[in-house]
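These protein sequence lines map, in sequence, to chains R and G. Counting in the numbering used here, the first sequence runs from 1 upward without gaps. Counting in the numbering used here, the second sequence runs from 1 upward without gaps.
Take the hints with a grain of salt, since some may be wrong.
[Claimed, not checked] Derived lysine-lysine pairs resembling BS3-like cross-links, with alpha carbons at most 30 Å apart: (1) K179(G) x K5(G); (2) K57(G) x K20(G); (3) K172(G) x K186(G); (4) K109(G) x K180(G); (5) K186(G) x K201(G); (6) K183(G) x K109(G); (7) K363(R) x K109(G); (8) K126(G) x K157(R); (9) K126(G) x K363(R); (10) K167(R) x K126(G); (11) K126(G) x K186(G); (12) K157(R) x K168(R).
Don't read these hints as lab results, they were simulated from the structure.
Chain by chain, the residues:
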Amino acid sequence: MSSLLTSSRLTPGEIVKELAFFAVLAVMMSVMILGVETVDRPTGLELALRWDLVLIAICATVVGRLALIVRREHLSRLLQAILIVISALMVFEMFVRFRDLDDRWVSPVTFDMATQSVGRAIFFICLIAVVFAIAYFSASKGRPTGEEDDTKKISAKLQVVYRTNTKKIGMFGIAFFIIFPLIFGENRSAIDLATLVMIYIMLGWGLNIVVGLAGLLDLGYVAFYAVGAYSYALLSQHFGLSFWLCLPMAGLFSASFGIMLGFPVLRLRGDYLAIVTLGFGEIVRVILINWYNLTGGPDGIASIERPSFFGLADFSRRVPEGVTRFSDLFGIEYSSMHRLIFLYYLILILALVTNFVTMRLRKLPIGRAWEALREDEIACRSLGINPTNTKLSAFAIGAMFGGFAGAFFATRQGFISPESFTFLESAVILAIVVMGGMGSQIGVVLAAIVMIGFPEMFRELAEYRMLIFGAGMVAIMLWRPRGLLSFRDPTILLGMSKKEKVAGEKP
Amino acid sequence: MAMLKIEGVHTFYGNIEALKGIDMEVNEGEIVTLIGANGAGKTTLLMTCCGAPQVSKGRILFEGTDISRMPTHDICRLGIQQSPEGRRIFPRMSVFENLQMGACTQDPKHFDSDLEMVFDLFPRLKERITQRAGTMSGGEQQMLAIGRALMGRPRLLLLDEPSLGLAPLVVKQIFETIKKINKENKVTVFLVEQNAFHALKLAHRGYVMVNGNITMSGGGAELLANPEVRAAYLEGGH
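The following block holds chain R by itself, in its conformation from the complex (with noise of 0.2 Å):
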């Protein structure tokens, strides 16, 4: 050690005091969480007291410090390897005996593990393997001036693949989207998380306009789903009218609620912008819940009516006279794939509809005007643009695409409630937007991947995968802090090819 330390620019005093001073963050952080666990006894509720995790958590945390303060000192990189696995060893056997509540204070659970079973050994093998790998591999960059300029010129290089292939990518992801269904046609549970995906990629579609664009921050944009969803349940329950009537109506009264609260904000900005948003959408989901009357409160609307064939054909299996059965209708036999595969091929059009017309607002002026105005309203005030009804569009059109989203999202489930309508849906959609980078169409489709997909794909992992998408945001926020694809290209080209442009732009 002593011949390790005398290469080292720091002494072994400072050492000590780091990692003294990391045990004590370990203990601040793991004290509430890891600590203390609330247990149901015959006499009550009672707290007990969990004094191993905290224990493993400080030394994982002092072990792990170790490992990064040899490889910031460029020391052995086996060392680092070990300490590296020794650490995730320990945070390993600290989940472990997180969930087991039963074998505490036993031989460490790991081994137990390892003798156990083969199955469980081989897993513990190729995790060991998997953070070797990592180690080592974020360790060979180490270099001291190397790694910045690597990962810099990386980094640059991909963004001028993507800037200069942004119409390949889209069309690629266009005509992966669309083949999807031919894929996992038989698979219900993948053709359904793709169609939550593309209702929220939608909607961060829609909130883009007013969030990336026209820069107002939105925290109410829930209230225009729910405006869309409830105007279709309920047009389609009192009026009878049908799905392909409503989608426009619902768009439509979304829009004007979207003026409505566009009116009394005119004048804010920033914070205080996004508190009346915010209260906005809650006063419209209290309405919801508290106008019994009207809209069933807590208890929503059910079995509001799927939508049919353009009007020419249902999906149901049994269907009243005089109305064509789907199947019938192309002579293929029934299945009741037929209505989910409609469903999500319904909601790409309409995402891809709004995305369209995105994509071309921005070349047109009144687009034009909302970047400039997110960019300063003063100067936009001086060259004659009008900050009221610019602003007022970028709200209502927003509204609009959210309005359409809920009239599908009502149909789709086919019941509603305020409870689909909180706070937290305003909260994922605008995170949609600002992981994507604002302003990105193609940000937005990773975004609501990553957002939405991966947590439902990871069901599985139950708890734990809350952990992993906060470990993942964290990361998000580390080394891409303006989201993920977070690059504006000017409008207009003129006359020029995109990789010259792009090739000749400063950064």
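Using the hints provided, position chain G relative to the given structure of chain R.
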């Protein structure tokens, strides 16, 4: 008749009276400059002409129309464009898009010729056409701010401290261009400046503002020679 006529204008920020009864005129084809120390109210007067903040007392006439109660975006449609204090270009948009924004009130049929005119005045902008405006140097941003204002085909151009924070050589270049704009493009210029020497040399007429009042006015050369002006704004300068 004066193109821009300011009659007894008072402007308040809350309870603070920033302008205490200003009378001023800008005639067609002129370059008129307004000089004064920090906080004298120069920018306030210029912004008041644009309707933000609005006049509390008095009125402002542009070609005979009272504009003192009009909203900013309507005033600009009458043919008044400004390059505001601190330039206020759109930093994340390209140079070309910035210029497009300047032309947003105009008939698109003028766009190409206007663009050419701006590029003739500021060839640097043409080189930078696809660059993000926020990544350009201060001087280039100032050129862009003026160019953007010109894209709105103004008859009266309001310039707020175009020399702020620029290197002397660039300042000289900008002022030469302002002269050119006035002469060749027949745009009347109302210039607010702290750089009194350059501004007075360029201007046909000048006004001196102290604490929200106009204390002196006269021809540019005349003010430049005035001992009081020299003592207050020019000594130790150039």
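Here is how each hint holds up against the structure:
no., hint, result
1, K179(G) x K5(G), "holds (22 Å)"
2, K57(G) x K20(G), "holds (9 Å)"
3, K172(G) x K186(G), "holds (20 Å)"
4, K109(G) x K180(G), "holds (24 Å)"
5, K186(G) x K201(G), "holds (19 Å)"
6, K183(G) x K109(G), "holds (24 Å)"
7, K363(R) x K109(G), "holds (17 Å)"
8, K126(G) x K157(R), "holds (27 Å)"
9, K126(G) x K363(R), "holds (21 Å)"
10, K167(R) x K126(G), "holds (27 Å)"
11, K126(G) x K186(G), "holds (23 Å)"
12, K157(R) x K168(R), "holds (17 Å)"
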